[in-house]
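Q: Sequence:
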Amino acid sequence: MKLIIAEKNDAARQIAERLSTGKPKKDKVYNTAIYRFEWKGEECVTIGLAGHILAPDFCDSVLFDKKLGWYSVTEDGEMLPADIPDGLARPPYDTKRKPFLADGISIKGWKLESLPYLTWAPVIKLPAEKELIRSLKNLAKKSDSVIIATDFDREGELIGSDALNKVREVAPDLPVARAQYSSFTKAEITQAFDNLVSLDQNLADAGESRQHIDLIWGAVLTRYLTLAKFGGFGNVRSAGRVQTPTLALVVERERERMAFVPEDYWQIRGMGAAQGAAEDDRFKIAHKTARFTDKDAAEAAYGHVDGVATATVAAVTKRSRKQQPPTPFATTSLQAAAAAEGISPARTMRIAESLYMAGLISYPRVDNTVYPATLDLGAVVSDLAKINPALAPVCKKVLAGPMKPTRGKVETTDHPPIYPTGEGDPSALDGGQRKLYDLIARRFLATLMGPATIENTKLELDVNGEPFVASGDVLVTPGFREAYPYGLKRDEQMPPLEQGDAVDVFDIKLEAKQTEPPARYSQGKLVQEMEKRGLGTKSTRASIIERLYAVRYLKNDPVEPSQLGIAIIDALSQFAPRITSPDMTSELDGDMTRVERGEDTEEHVVTHSRALLAGVLDELLKHTQELGDAISDAVTADARVGACPKCGKDLVMKTSAKTRGSFIGCMGWPDCDVTYPVPSGVKVSPLEGEAAVCPECGAPRIKCQPFRQKAFEICVNPTCPTNYEPDLKVGECKVCAEAGRHGDLIAHKSEKSGKRFIRCTNYDDCGVSYPLPARGKLEATGETCPECGAPIVVVNTARGPWRICVNMDCPTKEKKPARGRKTTTKASAAKKTTAAKKTAAKKTTAKKTTAKKSTTKKTAADK
DNA sequence: GCAAGGTC
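Quick note on numbering: numbering that gives the first Met the number 0 labels position 658 of the first sequence as 657, and the sequence is numbered without any gaps.
Hints in this document: simulated from the structure, not taken from any laboratory. All values reported here derive from a predicted model rather than from experimental measurement. Incorrect hints may appear among the rest.
Pairs of lysine-lysine, DSS-like flavour, derived with a Cα cap of 30 angstroms [as the list claims (entries may be wrong)]:
#1 Lys488 - Lys508
#2 Lys512 - Lys537
#3 Lys434 - Lys321
#4 Lys512 - Lys283
#5 Lys1 - Lys25
#6 Lys621 - Lys110
#7 Lys537 - Lys648
#8 Lys7 - Lys185
#9 Lys294 - Lys508
#10 Lys124 - Lys27
#11 Lys728 - Lys682
#12 Lys321 - Lys395
#13 Lys434 - Lys554
#14 Lys385 - Lys396
#15 Lys682 - Lys653
#16 Lys709 - Lys776
#17 Lys110 - Lys124
#18 Lys294 - Lys110
#19 Lys124 - Lys140
#20 Lys7 - Lys24
#21 Lys702 - Lys512
#22 Lys408 - Lys434
#23 Lys754 - Lys776
#24 Lys283 - Lys403
#25 Lys408 - Lys531
#26 Lys653 - Lys228
#27 Lys554 - Lys488
#28 Lys728 - Lys776
Pair by pair, the computed Cβ-Cβ distance ranges are [to be verified]:
#29 Cys787 - Trp668: 37 to 47 angstroms
#30 Gly302 - Met257: 36 to 46 angstroms
#31 Asp59 - Thr721: 48 to 58 angstroms
#32 Ala690 - Ala518: 14 to 24 angstroms
#33 Gly499 - Thr721: 55 to 65 angstroms
#34 Glu255 - Gly431: 26 to 36 angstroms
#35 Asp56 - Glu602: 16 to 26 angstroms
#36 Gly660 - Asp56: 32 to 42 angstroms
The C-beta atom is built at its ideal place from N, Cα and C for all residues, glycine as well.
Could you put the whole structure together from the sequences, leaning on the hints where they help?
A: So this is what it looks like as structure tokens:
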């Protein structure tokens with residue numbers, strides 16, 4: 000039997016289909032899909048891997064000793080020189096700069112002292128896809144020859160080489176060959192398998208050099224930054240060959256914005272309309288001098304038009320222009336287009352993967368922007384019409400047309416550009432999937448359609464001697480726009496006016512403006528910029544940006560660096576500039592090309608890189624204190640929500656050590672005891688200028704961003720009059736009424752805790768009291784709860800009014816979990832609830848830990 | 001607890 004190893008299941012299936020005379024038989028070894036067929040009279044089987052099946056990692060069971068070098072300790076305490084493959088690890092004998100630390104240095108724990116050793120630590124390869132490796136070995140034992148048929152590129156050669164090594168463990172003498180193909184056409188696949196070559200170990204070594212260099216630099220710098228100022232577990236400060244230059248791009252743009260000096264300019268604008276036209280038919284007019292840089296000139300011109308009610312049409316010009324249909328989607332252009340529709344690149348890839356797996360779209364990781372001749376475009380369009388009723392009319396038009404597809408600049412033959420397969424059931428898709436599927440389907444149709452024609456009407460007006468202009472675009476021939484409305488501006492229809500006509504003018508205003516700094520990157524633009532600079536690959540860029548958000552170097556969208564992100568770039572560009580520049584990637588590319596060509600070796604390239612890193616680390620270790628302080632200051636600055644009304648120091652977001660909950664506290668603690676609760680369910684950020692201080696109580700006002708809802712601004716102080724009406728009567732006490740006396744229920748706030756509650760004026764007799772939510776201005780309704788008789792109040796949260804029965808024990812509360820954290824009125828009940836909460840918190844933590852563990856395990860098993 | 005690259 001001939002064993003054919005492909006990089007992914009899809010490739011395994013396609014190879015089987017192309018080589019087989021009949022239909023290949025789908026089968027399974029353990030849980031792995033395989034395809035059996037006959038080729039040239041021989042029994043064959045293809046198996047698809049899942050990319051890399053081995054993952055490089057440090058060999059952390061070894062220790063370092065200056066005499067022995069790397070060694071391991073046996074159970075009996077015997078010290079044996081470590082058996083390190085490849086000879087890649089070399090103790091730093093040749094770096095005289097660094098004094099040796101005591102013997103027995105381990106690289107296992109994260110310690111600053113061990114980093115010089117980590118720089119030189121041996122790298123081994125651990126199985127990452129255990130299931131697949133098991134299946135692979137099982138097949139290898141039954142085979143009498145093997146063909147490596149992974150993708151024809153550097154990583155593919157490495158994946159093939161790793162697979163071969165695993166095969167060799169059970170079948171050391173199995174004859175091996177390599178099939179090189181760049182597309183899945185029958186001709187290309189047949190040609191590749193008819194002309195087998197041998198595995199290119201140099202190419203695989205080049206790939207492995209990249210793996211090692213990325214791991215070593217990434218691990219050493221990440222551990223260094225994390226340890227320079229340890230911020231507690233879960234606060235890793237990462238660095239890497241791709242992520243750090245990407246972050247630097249964002250920081251650089253932010254610096255340009257900060258350095259930008261705005262310039263004043265003036266605009267004169269208003270509205271115009273054909274005489275007697277309805278208000279809806281008005282159009283914007285502006286002075287022909289779009290930007291006056293001279294204030295006097297602007298005021299002089301405005302003096303001529305201020306209060307003028309009519310103008311004359313001086314000229315009408317019509318010009319039509321063509322908008323060409325877009326090119327087919329490759330990964331980056333899909334990510335950019337989806338980002339413009341509010342789907343982040345990382346989410347785009349997750350959704351695209353699910354659509355691909357469900358068979359609705361073609362393979363989503365492609366650079367190719369030219370449809371292959373073998374793709375039957377017409378068949379796809381008619382299939383698309385069948386499963387998408389909404390697209391059927393436009394599909395019909397496409398089929399009736401000449402159908403000449405557009406083409407982009409990049410042409411490869413491994414995969415077609417991303418297109419809808421015309422199969423599956425799009426009506427079953429959920430929101431995000433549907434949105435992305437529509438984008439892909441409509442883009443595909445657009446690439447087969449004609450240009451759009453847009454007619455522009457330009458009006459020149461004479462407003463009391465001053466030249467004004469108005470302009471409107473109208474889509475006259477929709478062309479591809481019929482299928483692809485994304486980013487299309489709304490029509491601005493100008494009325495049918497002619498030279499000499501009179502026009503009404505309104506609301507002419509002189510506006511003082513300032514020039515704007517360069518815009519921040521959108522996530523889509525950032526992906527494109529990374530591609531332009533050679534950072535990352537189509538498969539990794541999205542996840543790398545996501546990672547930068549996860550470690551809180553980046554925030555918001557458009558992309559903005561945090562103070563921490565800026566501090567990291569400042570520190571690294573000063574002491575480790577290699578890692579902040581995209582040059583490291585281009586240099587690595589050069590190194591790898593030489594390894595590929597046999598002009599250099601993996602060992603030499605990696606060792607050279609280790610030596611460079613050793614120098615960088617030396618430099619960094621001299622400035623750990625300084626760098627740690629900078630990181631620490633930046634983290635504080637990121638947590639700042641405003642100034643303390645009591646002592647003026649910074650108020651920051653803090654995490655309670657006991658409850659792990661967050662609160663807003665003063666940096667002056669313990670001298671200043673000002674604290675506020677954090678609004679729940681929202682992302683909090685500081686405001687600037689006048690808006691940052693509450694005029695009523697002096698506490699900071701903050702911006703709250705709920706998930707996918709409009710942001711709002713509130714005062715952080717829950718007992719501020721802007722949030723709360725004190726001493727409000729919300730009803731009458733039922734218990735007192737039954738006892739034949741009168742008691743009023745009044746809303747209070749505690750001086751001590753700042754907590755809000757309702758209490759009866761005869762509390763000493765009846766003991767009636769109810770808790771209130773921390774925030775939201777109260778309103779009495781005069782109504783009582785039909786279930787329990789307690790008063791009903793309206794709490795005006797910034798997200799809208801919220802009507803509640805104040806009794807926490809009321810049966811109406813059973814239906815939905817309490818939103819507030821307030822406990823019941825009685826002290827015992829309060830205790831109980833607190834205890835329950837603690838248990839719940841513990842449970843959640845335990846759950847999280849287990850979940851995390853199992854995920855780790857799962858990932859390890861998957862890899 | 002670390003990177004970046006494949007892919008599920």
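Q: Quick one, are Lys7 and Lys24 close enough, alpha carbons at most 30 angstroms?
A: holds (17 angstroms)
Q: Holds or violated: Lys554 and Lys488, Cα atoms, limit 30 angstroms.
A: holds (29 angstroms)
Q: Would the hint linking Lys653 and Lys228 be met if the CA-CA limit is 30 angstroms?
A: holds (17 angstroms)
Q: For a C-alpha distance cap of 30 angstroms, please report whether Lys702 and Lys512 respect it.
A: holds (25 angstroms)
Q: So if I understand the rule, the pair passes when the alpha-carbon distance is 30 angstroms or less; does Lys124 with Lys140 pass?
A: Since the Cα atoms of Lys124 and Lys140 sit roughly 22 angstroms apart, the hinted pair holds (cutoff 30 angstroms).
Q: Is the gap between the beta carbons of Asp56 and Glu602 within 16 to 26 angstroms?
A: holds (18 angstroms)
Q: Has the given pair, Lys1 with Lys25, been kept, meaning a C-alpha gap of at most 30 angstroms?
A: holds (16 angstroms)
Q: Decide if the proposed pair is consistent with the structure: Lys728 and Lys682, CA atoms, cutoff 30 angstroms inclusive.
A: violated (33 angstroms)
Q: So does Ala690 sit 14 to 24 angstroms from Ala518, Cβ to Cβ?
A: Check passed, 23 angstroms falls within 14 to 24 angstroms.
Q: Tell me if the straight-line CA distance from Lys385 to Lys396 falls inside 30 angstroms.
A: Holds, at roughly 14 angstroms.
Q: Is it true that the CA of Lys537 sits at most 30 angstroms from the CA of Lys648?
A: violated (46 angstroms)
Q: For the pair Cys787 and Trp668, does the Cβ-Cβ distance stay inside 37 to 47 angstroms?
A: holds (41 angstroms)
The structure shown violates the earlier hints numbered 2, 7, 11, 18, 24.
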